[in-house]
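Spelled out, the chains give:
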Amino acid sequence: MLNINCPYCGDRSQKEFAYGGDGTVKRPELNKEVSDEKWNEFVYLRKSPRGKHIELWHHIAGCRQWFKVQRDTVTHEIFKTAKMNEEIK
Amino acid sequence: MQKYSIFSLIKNAFSNHEKWDLAWKDPSPKKEYDVVIIGGGGHGLATAYYLAKEHKITNVAIIEKGWIGGGNIGRNTTIIRSNFMYDDNARFNEFGMNLWRNMSQELNFNVMFSPRGIINLAHSDAQMNAYARRGNSMRLNGIDAVLLDREEIKKIIPMADFSEDVRYPIFGGLAQPSAGTARHDAVAWGYARQADSMGVDIIQNCEVTGFDVSGGKIQGVRTSRGDIKTKKIGLCVAGSTNVLAEKLNITLPIETHLLQACVSEPVKPVLDGVVTFGAGHFYISQSDKGEMVMGGDLDGYNSYAQKGNLPTIQHVLTGGIALFPFLSRLKMLRTWGGIMDMSMDGSPIIDKTHIDGLYLNCGWCYGGFKSVPSSGWTFAHTIAQDRVHELNEGFSLNRFSKGYLLDEKGLGTKTWIS
Chain A
1 MLNINCPYCG DRSQKEFAYG GDGTVKRPEL NKEVSDEKWN EFVYLRKSPR GKHIELWHHI
61 AGCRQWFKVQ RDTVTHEIFK TAKMNEEIK
Chain B
90 MQKYSIFSLI KNAFSNHEKW DLAWKDPSPK KEYDVVIIGG GGHGLATAYY LAKEHKITNV
150 AIIEKGWIGG GNIGRNTTII RSNFMYDDNA RFNEFGMNLW RNMSQELNFN VMFSPRGIIN
210 LAHSDAQMNA YARRGNSMRL NGIDAVLLDR EEIKKIIPMA DFSEDVRYPI FGGLAQPSAG
270 TARHDAVAWG YARQADSMGV DIIQNCEVTG FDVSGGKIQG VRTSRGDIKT KKIGLCVAGS
330 TNVLAEKLNI TLPIETHLLQ ACVSEPVKPV LDGVVTFGAG HFYISQSDKG EMVMGGDLDG
390 YNSYAQKGNL PTIQHVLTGG IALFPFLSRL KMLRTWGGIM DMSMDGSPII DKTHIDGLYL
450 NCGWCYGGFK SVPSSGWTFA HTIAQDRVHE LNEGFSLNRF SKGYLLDEKG LGTKTWIS
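From first to last, the protein sequence lines are chains A and B. Numbering-wise (the working numbering), the first sequence opens with residue 1 and increments by one. Numbering-wise (the working numbering), the second sequence opens with residue 90 and increments by one.
I should point out that these hints are in silico values taken from the structure, not numbers from a laboratory. Only a predicted model underlies this, so the values are computations on that prediction, with no experimental measurement involved. Careful: at least some of the hints might be erroneous.
Stated by the list, open to error - Calculated lysine-lysine pairs in the DSSO-like style (CA-CA distance at most 27 Å, straight line):
# : chain 1 : residue 1 : chain 2 : residue 2
1 : A       : 80        : B       : 119
2 : B       : 154       : B       : 119
3 : B       : 503       : A       : 32
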């Protein structure tokens, strides 16, 4: 069981959250010509690192906010959580 | 190579079974090979076997970080099926079904292939319609499919909960009677033993640390047991695909996720085939030893842990007990996990890459075990001939950027919910 520190509500059990995937993927800029290659990168290509991973979680059974989590994909240790407008370095 | 038979069994009984030959050797890596297969799991071993048998390429090494059969080939729930709707998936897996049927004879190793049938349960009229459509597609590809109604299902699994006031009442289901199970360890060992006898080097405890690429061509591979020169590398490392791809500066449409399975204590025969309860995120079969073999969903977040967390097991078994209430009385024997190379459309990739001499075999999601023979066969062809076979041309790497997805389940790119 993961314990996730929601930046809005504090430490809660994994059961309250839904996973949202890789948090480092950037959507191509709106209203600009986007090449097929860029769309492919955005929609399909993922680094899926073994180790530290920045990902999105949704506190779906709580405050319903999306936020970022930096977690180790081998040990599941959670290093940091941050609001969507904050950077995790 | 010593042939396994009733006679060799009797002969060896006289020497207390102490004089059997080793099933495969434990060689040190040579300086150079024609082909190096990375990953000594089912797919890697089968690929090496078919390279030697079908293409007469025997100067081959299989490099395995751990030991043969220690990864997903020894962690799956042994289900073999070809109940796919899309042509590319259906033809590929039905080709594999024919290899499964002859595998024990061909490998001289009893893989205990048991075509006991699979049933996918349906819980609404809409789902019955969808299954009728899938069944028809399967039959057009020569695969046996039978649409069963509620009463027919009741005859096959009378111990399921057939009450009408449950959340997911059983409306019927789609069966593939020729689907089944096999003994997964025997598949690895059978392929390893035959590949070894034809001259393939199986090198265990040998970790890949890097690649030697120059001029856009593979020149060799660096390992914890020294550098090996080769012009062709086949990558069959399932959940570790992204880790090795990173060393090659390749980003793939794949995420690594954890899938758990579990078995109960052994009980007397109660379930003769495989039953999937998709609505409850649960599937089950009974092993020949009597254990109920169960599985369900991914843990739901990227993971390389090879062991899972309890909430998923609880979720899977909650669904299991809803379908088969008797399961609540069974004790759990063990649970385990394996790491899956989840592709973005749920279908595999067997293809060449932009690096000359680098061949990719990955994206097996949940379905790696059943595809061991067909994957090995087509991957060997792709490596030996340097072009894809018509059976795996749909499993191309560029299908994502081109828009030719094989999204069998229609779940899109959220690999963690598939």
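Results for each hint:
1. A:80 <-> B:119: 46 Å, violated
2. B:154 <-> B:119: Between residue 154 of chain B and residue 119 of chain B the Cα gap is close to 17 Å, so the pair holds against 27 Å.
3. B:503 <-> A:32: 25 Å, holds
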